[in-house]
Every structure is written in C-alpha cells, then in structure tokens.
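2 protein chains.
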Amino acid sequence: MLQSKPRNNHLNPFFEPESVAVIGSFKEGVFGGYVVVKSLLEAGYKGEIYPVNPGSYREVLGLKVYPSPKEIPTSADVALLMINARHVPGVMEACADAGIKSIILVADGFAERDAEGARLQNEVVHLAKSLGIRIIGPNTAGIANAMNGFNPCPYDAGYYRFKKGTVAICSQTGMINPQAYPYRDLRYGIGKICDFGNKCDLDECDFLEYVENDSDTQVISVHVETVRDGKRFLEVCKKVALKKPLMILKLGVTEAGARASASHTGSLAIDDEIFDAACRQTGALRLDQFSELFDMPRFFASQPLPRGNRFGMVSYTGAVGVAALDEGARHGLVRARLSKESSRMLEDMFSGLGHVPVDIGPMIPSVKDFSAVYAKILTAVLNDENVDCLFNVIWADAKGRNTKAYVEGYEALGENGHKPVATWVYGPSVTMVRDLTKQLESRGFPVFAEPERCIKALGLAYRYAKGRSERM
Amino acid sequence: MLQSKPRNNHLNPFFEPESVAVIGSFKEGVFGGYVVVKSLLEAGYKGEIYPVNPGSYREVLGLKVYPSPKEIPTSADVALLMINARHVPGVMEACADAGIKSIILVADGFAERDAEGARLQNEVVHLAKSLGIRIIGPNTAGIANAMNGFNPCPYDAGYYRFKKGTVAICSQTGMINPQAYPYRDLRYGIGKICDFGNKCDLDECDFLEYVENDSDTQVISVHVETVRDGKRFLEVCKKVALKKPLMILKLGVTEAGARASASHTGSLAIDDEIFDAACRQTGALRLDQFSELFDMPRFFASQPLPRGNRFGMVSYTGAVGVAALDEGARHGLVRARLSKESSRMLEDMFSGLGHVPVDIGPMIPSVKDFSAVYAKILTAVLNDENVDCLFNVIWADAKGRNTKAYVEGYEALGENGHKPVATWVYGPSVTMVRDLTKQLESRGFPVFAEPERCIKALGLAYRYAKGRSERM
Chain A
17 MLQSKPRNNH
27 LNPFFEPESV
37 AVIGSFKEGV
47 FGGYVVVKSL
57 LEAGYKGEIY
67 PVNPGSYREV
77 LGLKVYPSPK
87 EIPTSADVAL
97 LMINARHVPG
107 VMEACADAGI
117 KSIILVADGF
127 AERDAEGARL
137 QNEVVHLAKS
147 LGIRIIGPNT
157 AGIANAMNGF
167 NPCPYDAGYY
177 RFKKGTVAIC
187 SQTGMINPQA
197 YPYRDLRYGI
207 GKICDFGNKC
217 DLDECDFLEY
227 VENDSDTQVI
237 SVHVETVRDG
247 KRFLEVCKKV
257 ALKKPLMILK
267 LGVTEAGARA
277 SASHTGSLAI
287 DDEIFDAACR
297 QTGALRLDQF
307 SELFDMPRFF
317 ASQPLPRGNR
327 FGMVSYTGAV
337 GVAALDEGAR
347 HGLVRARLSK
357 ESSRMLEDMF
367 SGLGHVPVDI
377 GPMIPSVKDF
387 SAVYAKILTA
397 VLNDENVDCL
407 FNVIWADAKG
417 RNTKAYVEGY
427 EALGENGHKP
437 VATWVYGPSV
447 TMVRDLTKQL
457 ESRGFPVFAE
467 PERCIKALGL
477 AYRYAKGRSE
487 RM
Chain B
17 MLQSKPRNNH
27 LNPFFEPESV
37 AVIGSFKEGV
47 FGGYVVVKSL
57 LEAGYKGEIY
67 PVNPGSYREV
77 LGLKVYPSPK
87 EIPTSADVAL
97 LMINARHVPG
107 VMEACADAGI
117 KSIILVADGF
127 AERDAEGARL
137 QNEVVHLAKS
147 LGIRIIGPNT
157 AGIANAMNGF
167 NPCPYDAGYY
177 RFKKGTVAIC
187 SQTGMINPQA
197 YPYRDLRYGI
207 GKICDFGNKC
217 DLDECDFLEY
227 VENDSDTQVI
237 SVHVETVRDG
247 KRFLEVCKKV
257 ALKKPLMILK
267 LGVTEAGARA
277 SASHTGSLAI
287 DDEIFDAACR
297 QTGALRLDQF
307 SELFDMPRFF
317 ASQPLPRGNR
327 FGMVSYTGAV
337 GVAALDEGAR
347 HGLVRARLSK
357 ESSRMLEDMF
367 SGLGHVPVDI
377 GPMIPSVKDF
387 SAVYAKILTA
397 VLNDENVDCL
407 FNVIWADAKG
417 RNTKAYVEGY
427 EALGENGHKP
437 VATWVYGPSV
447 TMVRDLTKQL
457 ESRGFPVFAE
467 PERCIKALGL
477 AYRYAKGRSE
487 RM
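Chains A and B, in that order, give the protein sequences.
In terms of this note's numbering, the first sequence opens at residue 17 and continues consecutively.
In terms of this note's numbering, the second sequence opens at residue 17 and continues consecutively.
Next up, chain A with everything else stripped away, as it sits in the complex (with noise of 0.2 Å):
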C-alpha cells in the first residue's frame, strides 16, 4: 500500500529512518546522547545506531562511537544534534558531507534565548538551503513514533514503549514528548509525536501533510503557537479536516501571550480573532486547554462519530444533569427525548427513570440485584432511535459493590460501538475511581476527570462529523 507510508513527504525520514546518528554527549545523566540510544534500544527501534562524538567515547550501550559524521559506514537517514548552539553549523556541514539530509535540531540556545540566538538560527536556516538539509527545531524535544519503536526522546522519560494507537500530535514545546506526559502510566494509544521547537524550518504543515497520507495515523493534534504562512496552514488544515479530525490548541491568543510566544520561539503569533473565523472555516476543531490535546483526541480515537446532536445521559444526579445541559448548549448538543418503548420500559423499572437525564440515585437505596438491571438501562438509553450519543456518570462506591455490574453493563454496550460514550467515575475512594476507570478503559470507554470535558468532547465529535458532512 503505497499511501500507507507517505514517502514522498519531508517528514517520511523523520519517522521511518532506517538509520540514525546520535551526535552529542554519552554520559548518563537526565538528558543528551546516552539517554537517546538507550530510549531507542529499549523501544525496540531496528535500524541502524549510529553514535557520534569526537571526544573519547568508545561504546556506549554496546553501540560503537564514531568520531565524525563521515565515519559512519553507511550514510544515517537522521542525525539527532545534542551540542552547543555555536557548533551547530560546523556539525551540519559536517553531516551534508556524509550525506545526511534530515537533522532533528534538539540544541537550544538560538532565536528563543536571545539576539545572537536569533542571528545562528538565520544562518542555520541559510546553511541548511545552500546543503539541501531539512530541520526540525532548533529548542525541540523532537520525535517521536510508536509504530517503529523510533523514539529517540533526549531526556529521560524512565519508560521507553507506549500503546500504539491512531493519533499523531505535533506542537512547539517539548510538553508533548514522552518525558512531559505519562503515556504509558494513562494507557494512551499514540502514534506519532513532533515537537517543532523554533520551527526555523518543516512545521506543523509539513507535519499535516504527512499525517494525511499516513494509513496509521486517525485522529491530529496540533499546538500552535505562531504560524508562519497563514495561507498554506489554512489550506492544509481544510484538506486534513475533511479526512481526519483534526484539533487545535492555539496559544498565545492575548497580547501578553502572544508577545511571550514571540520571546520564546523567535516567531511572531497571529490575531486571535483571525485565527478563530479560519479554524471554522477550515473545519479544524479548536481547543482551549492544554489537557484537551491529549484528552479530545484519545476520545475521538476510540469513539465513533454521532449521527446526530442529541445526548443521552445516565446519572446518580440531577446536578451533573443540569451542568450537562448547561455545557451541550454551548456545543450545539440537545437533551434526546426516549422513544415511547423504552420510556415505558424505563419507568416499569423505577418511576421517574423514562427520561434524560436518567437518574438511577433515587433507585439505588431500593435496588435489589443492581448488575440485573444497569446493563439494561444504560443499553437501553445508547440504542433508542432518539439517542446519538451517550454521557454515562458513575459513582463508584467505596467498597466497589457495583464494579461488576458497571463493566459489565460496558460489555453489553461495547457489542454494539455505533455511537460514542463519555464516562466521568466520582465517588468516595480515589483508589475505587481509579481502578473503575481502568477497567472500562481498558475496555476502549474513554473516561474523563471533569463531567464538562465528556459533553465537550461528545459535542466536538457532533461538530467535525456535522462539518465535515457539509463539507464533503
């Protein structure tokens, strides 16, 4: 399958390399060389390792060091620069020499630091033209892709292999990469990862463009905080939108961040406003905090879009219901009104139970075989015609009476997967909602920390598939 793997794209040796050069220090320590090509060991990266330094390193890990670029025996697809800012150009001359043509600059020191920062990065941009080099960064924390175990992560991250999955993430910051955000401990599927940094070079473009074509690849997400050419990101989130959903976290959106933004990655930020009235445009969803660009895209990845805007909803509380409503609204998301069948149905069970929001609190002090009746309920509410999507709360009690019946009862949902579920677990017991929320993510149930964020991300998902509809 040729469009599986998106070759002809800046990016493709970025993240399929078959053959990387470390270039920098190996002593062990929280950051730098050593760190690289132990994480790319233990991820069970296959290609070829090729560390480099001119200094006395002979082995590192088993792995023989190598004094030069030109040394390596064959050419490297990929070289990782870990050295001083100043050294930059030498090294990359140096690397043009050996015929390397792809450099993840993880070096900082350049345009974010200060005026002669600014004025290396220039001539780093001006070198890499004149030799036919693409960067990526300089100030990046750099790459990342679970599918080939390429995770070359420059600071210790203490765990090197995370559950694949569908979607791919870029940025400019490093908060992004395995070392910032535990992927393993959350059980997040991801598959590729890219911290810009200063993006003097490829960017979040060249990114989406290679992400579109990229058969693994499902569901982006994008942190943004400057864009260089307004007209082409505008273009390329339009084509990528209307074939995966693609979010946005635009920072840097006040004057004051804005401004903060241009001292720390030596670009310059873009009207607020403007940047708003494109994303509609293009059919991009916006985000607006930072733990949406992990939380939003995880949901999309293992949810199926709605067909419609109407929620259902399961709950031990009114409360959560109204504060539901409340947040729907501003997502275009209505109360769905249960079919006469399953009202009925519904309210032989308990009275008071036939309508959304379905609050099973006042049932429970008088429930005899709980596990006998939630699976119905809550598959009765997900497949009622009236219903598009579910937001499903749950408490979990202190001593996890219910646990059972609560998997259980996402077991008989998960056989049918037509329409995607939002689940907040609350209760008494840190420990009993952790473990819940586990057991039904593991399950491929999303779970979120905030009731709000489940009907924002039931919304988004209405959103992009309503967009995209009219689009198409």
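Calculated from the structure, these hints are not laboratory results.
The list cannot tell twin chains apart, which means a pair is met if one copy fits it or any two copies do.
Below, a list of computed lysine-lysine pairs in the DSSO-like style, where the Cα atoms sit at most 27 Å apart:
hint: 1; residue 1: Lys454; residue 2: Lys415
hint: 2; residue 1: Lys415; residue 2: Lys54
hint: 3; residue 1: Lys247; residue 2: Lys260
Assemble the complex: chain A is given as a structure, and chain B must be docked to it using the hints.
Below, chain B without anything else, positioned relative to chain A:
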C-alpha cells in the same frame, strides 16, 4: 467567644446538635439509618444518638432503638428522616410532639419527582410552619460538620473523618457530601458541608448568614441552581463577601439547563446575565466548573491574598508560560517584571533566567547541583518586590531525582508565606507526580491538575482582594 458559634441562627441546631434522632430503616447496606449511626459513631460525634424505628429493631450498633420520637428520653436537637415520602407529614407531627424543631429531610420523592410529590412538598412546608419546624431538604444527602464529628452521612462513604479545615460548602446536590467527594484521599480540609436538596425551607442564604459569623469558617463555596429570593440572596452575598471569600457555582445558566434544574429541584432558575451582574456587584466570585467548587476554596484556605496583580512564574517550558499569560489576561493578571537585583542574580546563575517566566528548562542539562540553586531561584522570584504571587511549574522526572530539591524549595518559601503560590506538577510518571503533589500539599501548598487552573486561582484571589478593598 460568643461570635465563634452563631447560636441565633436557624442552622445552629443542625450543625451543633447535642442530640440527634435517626428515623429510618437500620438494615445494613449502602444507604439508611444504619449507615448514619455508624458514620456518627466513627466520626467521633459526642452527642446523644437516638435511633427511631417502629418495627422490630431493638438495637443498632450497641444503641437502643426507640419505637417513636416521643419515646426518646430527652428531646433531640435535630432529626434525620429517611422514610417514604408519604409518611413524612405524620412523622413530622410526632417529631413536633417530642419537641424536635429541626429536621433533615433526606427522603426523596417530592417536587423533584412528580406532581404528587410537589403537592406533598407543599403540605410539608405548610405543616412545618404551623409546627414551628425548620427543614433542610427534602431530597438531600444532609450535612456534615468536621469540627465536632457530626457527620450523619446517609450513604456509605467508606470513611467518616476527614481533615478539618476552614472551608464551608453548600449546594442543591449531594455531590458535595462525603459519599461523592474523596475529602480524605485528597487531604481536603473542610469544616461544614450542607446539601439543601429541594430547599423547601432553609437555603443557602441561611447558610451564608450562619457561616458569616462562624469563626471556624474562613472560605465559602456555594453551588446553586435556583434562587428563591433574589433580593435577599444579593444582600447576604454582599455582606458575607466583605468578610470572607465567597465563591458561587451557578448551574442551570442556559435555557436547557434551567429547565432541567426546575424539574430536578422543583423550583425555578433565574436568568444568567442578571445573576452574573449580581455576583459582580456583591464581590462574590463566580466559578465555572463543578470541580472548582472544591479546588478554588482549597486555594483560598491555604494561601494568603495577593497585594496586586503581578504574577511571577518559574517553569520548565515556554509554552506553559504563554498559556499562563493568556489565562492571566482573562483574570486581570499581568506578568511581573523582576527587579534589577533579582534579574541580575538570576542571569548570573544562567543566561536568560532573569525574566518572567523564569524558564529553568535550558539550565537543566548543564546544572550540577540542582538542590543548591532551586530554592534560591524560587525565593528570589517570590520575594521580589515586583512580584505579588507565584505560578510554579514543576517537572517531576521519572526517577524523582529532584523531589528533595523541590520540597526544600517550598520549605524555604514556607518561612515567608506572605504571597500566594499555585503549583502545577507534570511528568512522565503518574506515581511521581502524585508523590510530589502529596509532599507539597502536606506542606500547605495546593497543587492543581491543570496549569490554567493555577492561574485562575491566583486571578480569583487577586479579584477578591481588590474587590473587597474597594468595597470596604
């Protein structure tokens, strides 16, 4: 100290009863009289507990069960009713006969259920007036007072005591009661909790007047969906917010939410814009999300108010700095400009460190002894004359290498304690993030789950301090 116990308030017998009648079933389970008695005993309540049931129970948990309220040897200050709604009027009369004047009506099936329930609720209100009885409820999870162990939680929370604190919280939902929120696990200090349920009689205005003069209460958090007497609510908020930080989460703010609120609480919601303007007039702070009901008062309870709006920031990442500036602008905060002295001192430490956000990320790979520099950086920024408050971002690395340095840094701050600090901890290991969070919080420094919420907490604190000084 007369002021310390507001005895002339109708809520006094509810929070400070010397005796309580528990009227309901005493079958073991997740809900009911048995759970209440157990909770009171385990929580260390020192008053008399009188279980009441006309059936075959003789004894529960070593306490004699009385067949009716009038058999109780002395009168009771308060009674909890966990009985079928239709029996409530009769039992109220029996309570009145036995001299009981305060009732927590846990029973549901009133105005929140259906028309018949609404009729019954009206009957209860009229009866209470004629009998001189005051009611919390119906449809309530009741109250808790951590200060005297009066924690008659009707649902099994699995824990009974929690950290005493100066926060008082009231609501129209049981989502604030111990069976719903993990007060113990989250080391959340709390004083008084009150769910008014359908609030057919006493409501948040009574609560506000009660805690206004309660010396145990320093911070107040209110969840409200409907307001019965807008004028009184405004007057009370105005009066209380002058004395103590008062936060309000108003749900039912959209048309859909308001309709749902009316149906589950049996009363009417008021227009959101009027509510918002009213809050601004009174000096109360408005909250936006459910979890802020807990998160924000926790911050006010442990941190001093800032003297101005200039926030300092120490961070590992420029991107979160940009997010902080965006969020700060929404709440009236501006980035602090460090004084020449601290700026120079920080620049001498590492080039580029001398301005806010103070980004220690670039320094990390080259720093030899982190412990030696961290406390110095943190105290320099917080103690700077141009800094009113601090947003601190911490990277908890995979191996906890710097945990000791972080804790020592905060201990150095603790000696000052004159400016508020909000902290966000992130990292590649959930365990390490939790461990460090626990260590900082046990030293009195609140840690938030989202970076934006740190800034919002500082912003609310600034707005409260500013608003109060303008009103005084």
